[in-house]
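> Which chain is which? The protein sequence lines are A and B, in order. Read in our numbering, the first sequence has 5 at position 5, and its numbers run on one by one without any break. Read in our numbering, the second sequence has 287 at position 287, and its numbers run on one by one without any break.
It is worth saying that the hints were derived from the structure and are not from the lab. Ideal Cβ placement from N, Cα and C applies to all residues, glycine included. Any given hint could turn out to be false.
As the list claims (entries may be wrong) - Residues of chain A placed beyond 10 Å of chain B at every Cβ, according to the derived structure:
| no. | residue |
| --- | --- |
| 1 | E38 |
| 2 | T43 |
| 3 | G80 |
| 4 | R89 |
| 5 | R235 |
| 6 | A311 |
Said to hold, decoys possible - Example chain A residues on the side facing chain B (calculated, C-beta under 8 Å, incomplete):
| no. | residue |
| --- | --- |
| 7 | G140 |
| 8 | G170 |
| 9 | A247 |
Claimed, not checked - Computed Cβ-Cβ distance ranges for the label pairs, DEER-style:
| no. | chain 1 | residue 1 | chain 2 | residue 2 | range |
| --- | --- | --- | --- | --- | --- |
| 10 | A | E313 | B | A88 | 32 to 42 Å |
| 11 | A | R287 | B | L33 | 25 to 35 Å |
| 12 | B | A88 | A | R82 | 26 to 36 Å |
| 13 | A | A186 | B | L33 | 55 to 65 Å |
| 14 | B | P69 | A | A35 | 48 to 58 Å |
| 15 | A | E38 | B | P69 | 53 to 63 Å |
| 16 | A | A19 | B | G120 | 32 to 42 Å |
2 protein chains.
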Amino acid sequence: MILAIDVGGTKMAAALVDADGIPQRAARVATPLDADAETLWKTLADLVEPLCGGVDGVGVGCGGPMTWPDGEVSPLNIPGWRGFPLRARLAARFPGIPVRIHNDAVCVAVAEHWQGAGRGSADMLGMVVSTGVGGGLILGGRLINGGTGNAGHIGHVVVAPDGGPPCGCGGHGCLEAVARGPALAAWALAHGWTPNSAGPDGRAEPYREDRAVTGRALAADALAGDEVAVAAMRRAGRALGIAIASATHLCDLDLVTIGGGLSQAGEPLFGPLEEALREHARMDFARRVKVTPASLGQEAGLVGAAALILAAESYQAP
Amino acid sequence: MILAIDVGGTKMAAALVDADGIPQRAARVATPLDADAETLWKTLADLVEPLCGGVDGVGVGCGGPMTWPDGEVSPLNIPGWRGFPLRARLAARFPGIPVRIHNDAVCVAVAEHWQGAGRGSADMLGMVVSTGVGGGLILGGRLINGGTGNAGHIGHVVVAPDGGPPCGCGGHGCLEAVARGPALAAWALAHGWTPNSAGPDGRAEPYREDRAVTGRALAADALAGDEVAVAAMRRAGRALGIAIASATHLCDLDLVTIGGGLSQAGEPLFGPLEEALREHARMDFARRVKVTPASLGQEAGLVGAAALILAAESYQAP
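Next up, chain A with everything else stripped away, as it sits in the complex:
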């Protein structure tokens, strides 16, 4: 059994994953807000404690950035960890077995390639489109790490060089600056969108100023026909299509999988995405590329983390 761990800004998850990549026992806990480094560590240690028996290896996905493969993590959404030696702490807790770590978006890409929508692809980009836009690159059937573990950063491919929005990275016109959920929601609000999608109970949930609006709410309103929401999804879809065309030409991809919150946005996102992709991916070899929603859902990060150990011949990480 492999202990798989997925650390994000809203939750920490862990599971025992069998050799077939199936999570057998899983647990999760909310990532404590405003916690210091040791409180965060104790939360994680307590989470995995019941899963520690008979473990042959530990695979970890964590929000970036991090040093790699050392795994000193500084997740953007977990301010309490800055240069926290997550891999070293886990290695001390689990002596004598491999402990490997990678960016959480890379783990999702690996999972989709190993067990999900990317099975059988030789050259794929696995994307996550959510609060951020990330990804992982599998070429010739093998995970491309990059010298610093950062290959796959499709979110910072430039899609709007002239006058594109500023990006959290310090640049401007990056795919992420246009297509991340919060940027889309902000764009839509600025263009007159009034969030009005159905709430979790199915009833219409009118907009309240104090409620955070998300890309997911925007996607729901676009599916319901809201004009500004449709325009926002079109903006994101075209940006995604342009970046995917560039990546396809550069890396000779056959498949792109899209996971994360916006992957469920349907035609309002995927229609304009396909339109822009086919407009720009015109070399003969690039026309074969397919774009498909990811298939593994929320457990993808855990499955991919386990694959760093269970399928190391394909997803090698030092």
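Position chain B against the provided structure of chain A, taking the given hints into account.
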């Protein structure tokens, strides 16, 4: 000894290359204009005939597109070859030894990594900026072929999605559409450039309407301070910088080498290139990327073709 062959639209070159990658005997011939397939083949066969003794393998670089690894070639600039079975014909001529073929820009990238400006790089893009814009990708120290042999097509990364110029591929806003030499020269002429660079004998060579103007002439005028030529080089440099930033974020590159006619353009090209690159390559890991002119010159294609055989562990091609 390896027989290396480099087939382009203006010349065919061949050489015997020793195990250290040094061309020992070389020959070249102008590619016959308007020749049919068999005339082109006979030209090549006659060229290599004096070099055939004691050859252990044949490596070939050829202008694309081609089927790969089969090597049925349809070079854009050699209309007489459309689906010509170049690798099969060479394999029949050289039975019992390996015959491998790749895109000519890939061969240049391989050569720069093996023997040139890219030595020691783990993750590099080797570019050729000339009549077209091409490249080859080496990640984790190994050539990335792509499923169809087309990885490295940096020329069709999108740098001007809105209102960018139409591209030969059928798309628009591609790097190649902006930065290829003929497109730059056309842009400069349309903006009032009067070519006036020194001729081969060092004397000023006034513009004649009947003389083809090239990116090289434009680069020379930019170095001499011509304002429109400087603006054209700036246009190309910024487009290159944007595309390189995108490639660096996606592939976690440490180095980009630039070969081809425009690689000698100096500060008027490389200044704006660096400016745009540093403006867009802002993720911490991306700041380490360096851009440098290629170092091998005209023989790079031959050296890289030989490497397909001599250093197959790094530059594997089936």
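> Now tell me, hint by hint, if it's right for this structure.
Verification of the hints:
1. E38: Correct as stated: the minimum Cβ-Cβ distance to chain B is 25 Å, above 10 Å.
2. T43: Its Cβ never comes within 10 Å of chain B, the nearest being 27 Å, so this holds.
3. G80: G80(A) is indeed farther than 10 Å from all Cβ atoms of chain B, at 20 Å.
4. R89: 23 Å, holds
5. R235: 12 Å, holds
6. A311: 17 Å, holds
7. G140: 7 Å, holds
8. G170: 4 Å, holds
9. A247: Constraint on A247(A) satisfied, holds at 6 Å.
10. E313(A) <-> A88(B): 32 to 42 Å: Given about 33 Å between the Cβ atoms, the range holds.
11. R287(A) <-> L33(B): 25 to 35 Å: 31 Å, holds
12. A88(B) <-> R82(A): 26 to 36 Å: Since the Cβ atoms of A88(B) and R82(A) sit about 59 Å apart, the hinted range of 26 to 36 Å is violated.
13. A186(A) <-> L33(B): 55 to 65 Å: 58 Å, holds
14. P69(B) <-> A35(A): 48 to 58 Å: 54 Å, holds
15. E38(A) <-> P69(B): 53 to 63 Å: Taking Cβ atoms as reference, E38(A) and P69(B) lie about 55 Å apart, which means the hint holds.
16. A19(A) <-> G120(B): 32 to 42 Å: 39 Å, holds
Of the hints listed earlier, the one the structure fails to meet is number 12.
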